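Number of protein chains: 2
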Amino acid sequence: MTQDAPMGVGVIGFGTIGTGVVKLLASNADVIASRLGFPLRLARVADLDTARDRGVDLRGAPFDSDANALIDDPAVHLVVELIGGYDASRRLILRALGRGKPVVTANKALLAVHGKEVFEAARRGGADVAFEASVGGGIPILRALREGLAANRIESLHGIINGTTNYVLTQMEQGGEPFEVVLKRAQELGYAELDPSFDVDGVDAAHKITLLASMAFGAEVPFKEVPVEGIRDVTPLDIEMAAEFGYRIKLLGITKRRVDDAGRERIEVRVHPTMIPADSLLAKVDGAMNAIAVHGDAVGPTLFYGAGAGEMPTASAVVADLIELAREVRRGSTGRVAPLSTLPEALVPKPLVPLGELHGRLYLRFTAQDRPGVLSHITGQLGRHGISIESVIQKGRGHAGASVPVVVFTHPASEAAVRKALEAIDRLPDVTAATRVVRIEEEL
Amino acid sequence: MTQDAPMGVGVIGFGTIGTGVVKLLASNADVIASRLGFPLRLARVADLDTARDRGVDLRGAPFDSDANALIDDPAVHLVVELIGGYDASRRLILRALGRGKPVVTANKALLAVHGKEVFEAARRGGADVAFEASVGGGIPILRALREGLAANRIESLHGIINGTTNYVLTQMEQGGEPFEVVLKRAQELGYAELDPSFDVDGVDAAHKITLLASMAFGAEVPFKEVPVEGIRDVTPLDIEMAAEFGYRIKLLGITKRRVDDAGRERIEVRVHPTMIPADSLLAKVDGAMNAIAVHGDAVGPTLFYGAGAGEMPTASAVVADLIELAREVRRGSTGRVAPLSTLPEALVPKPLVPLGELHGRLYLRFTAQDRPGVLSHITGQLGRHGISIESVIQKGRGHAGASVPVVVFTHPASEAAVRKALEAIDRLPDVTAATRVVRIEEEL
Numbered sequence: 001m002t003q004d005a006p007m008g009v010g011v012i013g014f015g016t017i018g019t020g021v022v023k024l025l026a027s028n029a030d031v032i033a034s035r036l037g038f039p040l041r042l043a044r045v046a047d048l049d050t051a052r053d054r055g056v057d058l059r060g061a062p063f064d065s066d067a068n069a070l071i072d073d074p075a076v077h078l079v080v081e082l083i084g085g086y087d088a089s090r091r092l093i094l095r096a097l098g099r100g101k102p103v104v105t106a107n108k109a110l111l112a113v114h115g116k117e118v119f120e121a122a123r124r125g126g127a128d129v130a131f132e133a134s135v136g137g138g139i140p141i142l143r144a145l146r147e148g149l150a151a152n153r154i155e156s157l158h159g160i161i162n163g164t165t166n167y168v169l170t171q172m173e174q175g176g177e178p179f180e181v182v183l184k185r186a187q188e189l190g191y192a193e194l195d196p197s198f199d200v201d202g203v204d205a206a207h208k209i210t211l212l213a214s215m216a217f218g219a220e221v222p223f224k225e226v227p228v229e230g231i232r233d234v235t236p237l238d239i240e241m242a243a244e245f246g247y248r249i250k251l252l253g254i255t256k257r258r259v260d261d262a263g264r265e266r267i268e269v270r271v272h273p274t275m276i277p278a279d280s281l282l283a284k285v286d287g288a289m290n291a292i293a294v295h296g297d298a299v300g301p302t303l304f305y306g307a308g309a310g311e312m313p314t315a316s317a318v319v320a321d322l323i324e325l326a327r328e329v330r331r332g333s334t335g336r337v338a339p340l341s342t343l344p345e346a347l348v349p350k351p352l353v354p355l356g357e358l359h360g361r362l363y364l365r366f367t368a369q370d371r372p373g374v375l376s377h378i379t380g381q382l383g384r385h386g387i388s389i390e391s392v393i394q395k396g397r398g399h400a401g402a403s404v405p406v407v408v409f410t411h412p413a414s415e416a417a418v419r420k421a422l423e424a425i426d427r428l429p430d431v432t433a434a435t436r437v438v439r440i441e442e443e444l
Numbered sequence: 001m002t003q004d005a006p007m008g009v010g011v012i013g014f015g016t017i018g019t020g021v022v023k024l025l026a027s028n029a030d031v032i033a034s035r036l037g038f039p040l041r042l043a044r045v046a047d048l049d050t051a052r053d054r055g056v057d058l059r060g061a062p063f064d065s066d067a068n069a070l071i072d073d074p075a076v077h078l079v080v081e082l083i084g085g086y087d088a089s090r091r092l093i094l095r096a097l098g099r100g101k102p103v104v105t106a107n108k109a110l111l112a113v114h115g116k117e118v119f120e121a122a123r124r125g126g127a128d129v130a131f132e133a134s135v136g137g138g139i140p141i142l143r144a145l146r147e148g149l150a151a152n153r154i155e156s157l158h159g160i161i162n163g164t165t166n167y168v169l170t171q172m173e174q175g176g177e178p179f180e181v182v183l184k185r186a187q188e189l190g191y192a193e194l195d196p197s198f199d200v201d202g203v204d205a206a207h208k209i210t211l212l213a214s215m216a217f218g219a220e221v222p223f224k225e226v227p228v229e230g231i232r233d234v235t236p237l238d239i240e241m242a243a244e245f246g247y248r249i250k251l252l253g254i255t256k257r258r259v260d261d262a263g264r265e266r267i268e269v270r271v272h273p274t275m276i277p278a279d280s281l282l283a284k285v286d287g288a289m290n291a292i293a294v295h296g297d298a299v300g301p302t303l304f305y306g307a308g309a310g311e312m313p314t315a316s317a318v319v320a321d322l323i324e325l326a327r328e329v330r331r332g333s334t335g336r337v338a339p340l341s342t343l344p345e346a347l348v349p350k351p352l353v354p355l356g357e358l359h360g361r362l363y364l365r366f367t368a369q370d371r372p373g374v375l376s377h378i379t380g381q382l383g384r385h386g387i388s389i390e391s392v393i394q395k396g397r398g399h400a401g402a403s404v405p406v407v408v409f410t411h412p413a414s415e416a417a418v419r420k421a422l423e424a425i426d427r428l429p430d431v432t433a434a435t436r437v438v439r440i441e442e443e444l
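If you read the sequences in order, they're chains A and B.
If you use the working numbering, the first sequence corresponds to residues 1 to 444, in order.
If you use the working numbering, the second sequence corresponds to residues 1 to 444, in order.
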């Protein structure tokens, strides 16, 4: 094959993103070739559903349901895996890498859980695996961590990395409507899946922050140990209270580096609704958009913003990866950059900081009978556990005996102490529902 | 040399950035080696001023004033050029490339004006030249354009790419003070140079937008033809009026792709104070921070934010480039990515769109005698040239015969027509000073 011969791309999974990839390879063929030095050409497509019309021209590329045959097809030099999930995708990716064919995937779930196996297979197969599309859609955040900020010791990363939940929270904020109402509308509009739990319970964000934490800190991060909280329990009152105190509530993936006095390095990795200063850039990220704020010791604060999902933005990331891998294949030069930024042999497990050790301001929403003395019981328990209160707000009054919310903003407090206080408070006879906690991140 | 032997870095120019590079190579040596697979080691430093104490430990690396000897030193594998300017820097870069030694530079002025010669020398010498630090300080924006967004046809780019002017404008806004007062304070604080013209007259931003436009559009951009306007004429009144109409004023580098009906592609490249929607992300970028909003046809809107200058942020970009070039040297694989993203042979001159052809809303500030009938003369001339007015504001009234500002926001108008109208208006006997024009960019 000559240096400027076209290189063949096989696409497994012909859904929304796959369709975008096919479109983009055609529509921007000239741009891609002018950057790469040779064309990328769609060589073959595989999907179980071969009947549905995706409305794109395959320009003669074979299309059937046989993903294995696609991988083995000598016309396919680069494999794109877009079927998602854990099983079939894993098997297909390993097959391709085993045959020395580089793989581009958007599968964060697989990489967060089975990344080690996949990267090891890539190394053994002498083929690269690229996954820019798996986090932040079209935002080139993985490249930024791996190369652009490679000279930095990363200190922290805060990301709005799930578009569905950011869309729902933004809508709740704008309309003052409860979660369920907004979610239903989001489902009707296609912004949320029919089974939304993967998004709204924070699982998708947890997959992504697991990958980001690995890259940021050169750490093996056990996905199952990452604490995750979704947005189902966020209420319009929480959002209103946040606004009153100068915050907005965002579902964030957060990861930070912590070094204790003995020099031991541990990392925080977590996903939860978070109050962030309303005047921070991250707070301005609305609707389905994503953004990742990265703080490096040399570069200081940075932020990367863009569409976190969608047909063409995600295809943008997939095809950027194809361009990079095509370059490596043609130059006979794979394994240029370590997939998780740190060389595999230098990746080490780093202990996670337990939530109880977090120390920061907290928003607490109590639900209590509207009776004299309740407030003093609650604040008394907080005081007894050493938690200092910044503000207490009792919003509205119910009829006699009704439950009302009581909102407390604490001064910086140990989360373990707060949990203990809440155990006691939630047992008070006048407290009628479990207390809700929203963490506050000030430094953004 | 074995695969994990250290690689030697020679730093020419031991000022602020050079000092940052020396510090970073030492402080993050472990992180760098864990990503690269071998250490980067400071091998030699050259600067004309060998007397001043920079307060950093050179760890035995030789330091003298002989930049040529540094380049020729076999212990130096990678050369960092940080002296700036056109002449000595050009000579040194060409010398290094001619000897096959890769070069990292932050010199946007040189690359904007002599880029072609430098990139050609790199190709001939079989050595790479990297320049991430030349635009946006620590923000990895060049990598994003070259690789992360490589699958896109870039549509537009709007950048706050000069920290000094953004600092001055932010301060003017916060204190309502005139340009000269704020500039003086900025100079005292070290945010502006003693000779500030390079920054405040937009020249620095013009160098950067020239490079960005080349990368975005695969175009040879003649720096000298880029229209440039600085911020000296921006007044507190302009800033106040902008705020009243929902805008903020930022000095932007702007570049856009335009295709006319005949399919001919031309590009807009310009630097000027610009009113942008106050609720856009770019408008929230305050102080000395930089941000670049890039719109790609597939990815849609993106934004890259971070420190645009300063010792350690700029060193972050320089050392990231060193890591990349070290990798290529060790793999014997230079020229991986075209320096301007598009392959040199595919780079073509693309005609610039003249300012007269711009079409958009404009802010006009007239200075006129406060006499009856003046307003009707001004608006009459605008009407005669087909310019439709959205709002007219006459702020305050002077004593009889004094000059007062009259502010007009136009509907979208042809800039050529506006210029013609202004020629007529500025000749009116009651108009006592040249009319100021600020362009408005809505789509951000």
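The hints are simulated quantities; they were obtained by calculation from the structure and are not laboratory data.
Everything numeric in this text was worked out from a predicted model, so none of it was measured.
Just so you know, not all the hints are guaranteed correct.
[Stated by the list, open to error] Quick list of in silico lysine to any residue cross-link-like pairs, SDA-like style, CA-CA up to 25 angstroms:
1. B:K284 to A:Q174
2. A:K395 to A:V203
3. B:K116 to A:A33
4. B:K284 to B:K116
5. B:K23 to A:K284
6. A:K284 to B:E155
7. A:K284 to A:A416
8. B:K284 to B:A346
9. A:K23 to B:A346
Verification of the hints:
no.	hint	result
1	B:K284 to A:Q174	holds, 20 angstroms
2	A:K395 to A:V203	violated, 33 angstroms
3	B:K116 to A:A33	holds, 21 angstroms
4	B:K284 to B:K116	violated, 35 angstroms
5	B:K23 to A:K284	violated, 35 angstroms
6	A:K284 to B:E155	holds, 23 angstroms
7	A:K284 to A:A416	violated, 31 angstroms
8	B:K284 to B:A346	violated, 37 angstroms
9	A:K23 to B:A346	holds, 23 angstroms
Hints 2, 4, 5, 7, 8 from the list above are not met by this structure, while the remaining hints are.
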